[in-house]
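Sequence lines, in order, name chains A and B.
Okay, so the first sequence: first residue is 14 according to the working numbering, each after it adds one.
Okay, so the second sequence: first residue is 6 according to the working numbering, each after it adds one.
Hint data in this document are derived by calculation from the structure and do not stem from the laboratory.
Idealized CB from N, CA, C, for every residue including glycine.
Check before you lean on any hint, since a few could be wrong.
[What the hints assert, rightly or not] Example chain A residues on the side facing chain B (calculated, C-beta under 10 Å, incomplete):
#1 A127
#2 T131
#3 K133
#4 S134
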Amino acid sequence: METLDLRHLACPEPVLRAKKAIAENPDSVIELRLSGAASLANVTRMARTLGAEVEARELPGGEYTLTVRTGQPEPALEPAPCEPEAQPGRATVLLGNNLLGVGDERLGRILMKAFLKTLKSVQPLPREIIFINNGVQLTTEGSEEIPTLLELAELGVDVISCGTCLDFYGKLDKVRVGIVGNMFDIVVRLNRAAKIIAP
Amino acid sequence: MSRAARLLLIFESIHQVLAAEKALIEAGLSPDLVPVPREVNPNCGMAITLAPAERGRALLALARTPPARTIEPWRA
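Bound conformation, chain A alone (with noise of 0.2 Å):
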């Protein structure tokens, strides 16, 4: 069984360490160290997304054993032109700031709050709105918007809050809405994505 030690290693590294390590060890078991629940929980979902089944062990000091049993490799996450999945026309929508547009606060603050309210209306609804820098703020704990963003993720719209965001500004664990995804689901997101709108 091979071993592979991801502990203290920089996000989103773990992911494409492990993702290369099950892509080159089909029909195979994997012990993975990782450290810290953010990268346990980004390992775990690539693993699944790759049709793997995993196990996770918790160790003292906040470190994780992640056993993985490999299938066949299916890179779900970046599909085939092709295939179902796609739903073209779905947008991706990257906010990078809490506020919508250049200038006055207030202003700022109101248009974000009615873009999102109209993103509910539109069809095809987004497939996936992503949330980096500053613009986690309006996905974690004191944000005025979180009704609004619960309602497009319970009409199934994927909500994801960039992890390394969440984490500088100290909201790791203020999230209210959504997962929490790395630079490597971002950037797969982005780039599989029909169209982006980054207002």
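Assemble the complex: chain A is given as a structure, and chain B must be docked to it using the hints.
Below, chain B alone, put in the same frame as chain A:
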């Protein structure tokens, strides 16, 4: 999705919307800013909704800058 009916306050400009929101919050009310279609308000794309029960207190708080129009019931 069925939504509870709200009171919709229409203003002539975004500056009036912002001032009204501030006044309503200071009065202890819970205004919610919502986008409205152009046919509802051609002058400003944002309006304020409130619970119908807050109508009296809201209009009192907005005595100096009353809304141009109120719509009730309003469902988003």
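Cross-check of the supplied hints:
Checking A127/A against chain B: minimum C-beta separation of about 4 Å stays under 10 Å; hint holds. At a threshold of 10 Å, the smallest CB-CB gap from T131/A to chain B is about 5 Å, leaving the interface hint in force. About 9 Å separates the beta-carbon of K133/A from the nearest beta-carbon of chain B, less than 10 Å, and the hint is met. Interface restraint check for S134/A: the shortest CB-CB distance to chain B comes to about 9 Å, inside 10 Å, so the restraint holds.
Going down the numbered hints, you'll see the structure goes against none, and every one checks out.
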